[in-house]
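*Asks:* Working from the sequences, and respecting the hints, build out all of it.
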Amino acid sequence: GAVVSQHPSRVICKSGTSVKIECRSLDFQATTMFWYRQFPKQSLMLMATSNEGSKATYEQGVEKDKFLINHASLTLSTLTVTSAHPEDSSFYICSARGRDHPYEQYFGPGTRLTVT
Amino acid sequence: LAKTTQPISMDSYEGQEVNITCSHNNIATNDYITWYQQFPSQGPRFIIQGYKTKVTNEVASLFIPADRKSSTLSLPRVSLSDTAVYYCLVGDIYNNDMRFGAGTRLTVKP
Numbered sequence: 001g002a003v004v005s006q007h008p009s010r011v012i013c014k015s016g017t018s019v020k021i022e023c024r025s026l027d028f029q030a031t032t033m034f035w036y037r038q039f040p041k042q043s044l045m046l047m048a049t050s051n052e053g054s055k056a057t058y059e060q061g062v063e064k065d066k067f068l069i070n071h072a073s074l075t076l077s078t079l080t081v082t083s084a085h086p087e088d089s090s091f092y093i094c095s096a097r098g099r100d101h102p103y104e105q106y107f108g109p110g111t112r113l114t115v116t
Numbered sequence: 117l118a119k120t121t122q123p124i125s126m127d128s129y130e131g132q133e134v135n136i137t138c139s140h141n142n143i144a145t146n147d148y149i150t151w152y153q154q155f156p157s158q159g160p161r162f163i164i165q166g167y168k169t170k171v172t173n174e175v176a177s178l179f180i181p182a183d184r185k186s187s188t189l190s191l192p193r194v195s196l197s198d199t200a201v202y203y204c205l206v207g208d209i210y211n212n213d214m215r216f217g218a219g220t221r222l223t224v225k226p
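If you're matching them up, the sequences are chains A and B in order. 77 is the number that our numbering gives to position 77 of the first sequence; each next residue is one higher, with no gaps. All you need for our numbering is the position in the second sequence, starting with 1, plus 116.
Everything labelled a hint here was simulated from the structure, so no lab data went into it. All C-beta atoms, glycine included, are put in the ideal place defined by N, C-alpha and C. Keep in mind that a hint or two might mislead.
[Claimed, not checked] What follows is a set of in silico ranges between Cβ atoms, one per label pair, in the way DEER data are often shown:
hint	chain 1	residue 1	chain 2	residue 2	range
1	A	H101	B	N142	22 to 30 Å
2	A	L26	B	K225	35 to 43 Å
3	A	K14	B	L196	21 to 29 Å
4	B	D208	A	E52	16 to 24 Å
5	A	E59	B	A144	17 to 25 Å
6	B	N135	A	F39	27 to 35 Å
7	A	L26	B	N146	26 to 34 Å
8	A	T57	B	K225	41 to 49 Å
[Said to hold, decoys possible] Over the 10 Å line for every Cβ pair with chain A, so calculated as not near, a few chain B residues:
hint	residue
9	M126
10	V134
11	A144
12	S157
13	E174
14	D198
[Stated by the list, open to error] Subject to a maximum C-alpha distance of 27 Å in a straight line, what follows is the list of computed DSS-like cross-link-like pairs (lysine-lysine):
hint	chain 1	residue 1	chain 2	residue 2
15	B	K119	A	K64
16	B	K225	A	K41
17	A	K41	B	K170
*Replies:* Here it is as C-alpha cells:
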C-alpha cells in the first residue's frame with residue numbers, strides 16, 4: 001500500500017525558534033497533501049491543504065505566516081512552525097492523496113513537537 | 117460540510133462483534149463515508165469507505181441505509197489490539213473537504 005513518512009518523529013525546540021517538519025510520499029506521487037494538528041485526547045484538526053506547485057489553502061483560524069507550508073514536489077511537503085511557542089506543542093500529522101488512488105488519504109506517522 | 121455524531125466511547129470484550137454508528141443527517145449527494153482507526157501517537161489508518169448499501173473488506177463492514185443519514189462500522193470478533201479511536205468522516209472526496217469528527221474510543225477488554 002501507499003506509504004507516507006514524516007521526519008522527524010519527535011522534536012524539541014526552544015520558544016522563539018523555528019522548526020521544519022517533512023512529509024514524504026514514498027511510493028506514489030502526491031497531488032494533494034494535508035496537514036493536521038492533534039492535541040492530547042482530541043480529534044485531528046485540519047490546518048491546511050496543499051496541491052503540488054501551488055500555495056496552500058489554510059483553514060480558518062490557522063495563521064499562514066506562522067505555519068508555512070511548502071509543497072514543492074509531488075513527493076514532498078514541509079510544514080515550518082515559525083517562532084514557536086509552548087502552545088504550539090502538539091502532534092502534527094500529514095496525509096497525502098495520489099493520482100492512482102484519489103479517493104483515499106494516506107497518513108504519515110505524525111511528529112510530536114514540544115516547545116520549551 | 118456534513119457534521120458527524122458518534123458515541124464518545126464504547127467497551128467490548130474479545131471475540132465480540134462491535135458496531136459503531138455515526139449520524140450524518142446533513143450528508144450531501146456527493147459525500148462519501150470513510151472510517152479511520154487511530155492508535156495513540158500514530159497517524160490514522162484507513163479502514164473502509166462507502167457511498168451506499170453495504171461494503172465489506174478483510175477487516176470490517178460498513179452498512180449505509182438508503183437515506184444515508186447514518187452509517188455503521190462493524191468489526192467482527194474484536195481483539196485487544198482493536199482498542200483505538202475510530203473516526204467517521206463524511207465529505208466530498210473529490211473536493212478535499214473531509215473533516216474529522218470527535219471519534220469513538222473503543223476499549224476491548226479480555
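*Asks:* Are the hints correct? Go through all of them and say.
*Replies:* Checked hints:
no.: 1; hint: H101/A with N142/B: 22 to 30 Å; verdict: 27 Å, holds
no.: 2; hint: L26/A with K225/B: 35 to 43 Å; verdict: 36 Å, holds
no.: 3; hint: K14/A with L196/B: 21 to 29 Å; verdict: 40 Å, violated
no.: 4; hint: D208/B with E52/A: 16 to 24 Å; verdict: 20 Å, holds
no.: 5; hint: E59/A with A144/B: 17 to 25 Å; verdict: 19 Å, holds
no.: 6; hint: N135/B with F39/A: 27 to 35 Å; verdict: 29 Å, holds
no.: 7; hint: L26/A with N146/B: 26 to 34 Å; verdict: 30 Å, holds
no.: 8; hint: T57/A with K225/B: 41 to 49 Å; verdict: 43 Å, holds
no.: 9; hint: M126; verdict: 16 Å, holds
no.: 10; hint: V134; verdict: 20 Å, holds
no.: 11; hint: A144; verdict: 16 Å, holds
no.: 12; hint: S157; verdict: 7 Å, violated
no.: 13; hint: E174; verdict: 13 Å, holds
no.: 14; hint: D198; verdict: 18 Å, holds
no.: 15; hint: K119/B with K64/A; verdict: 25 Å, holds
no.: 16; hint: K225/B with K41/A; verdict: 20 Å, holds
no.: 17; hint: K41/A with K170/B; verdict: 31 Å, violated
Violated hints for the displayed structure, listed by number in ascending order: 3, 12, 17.
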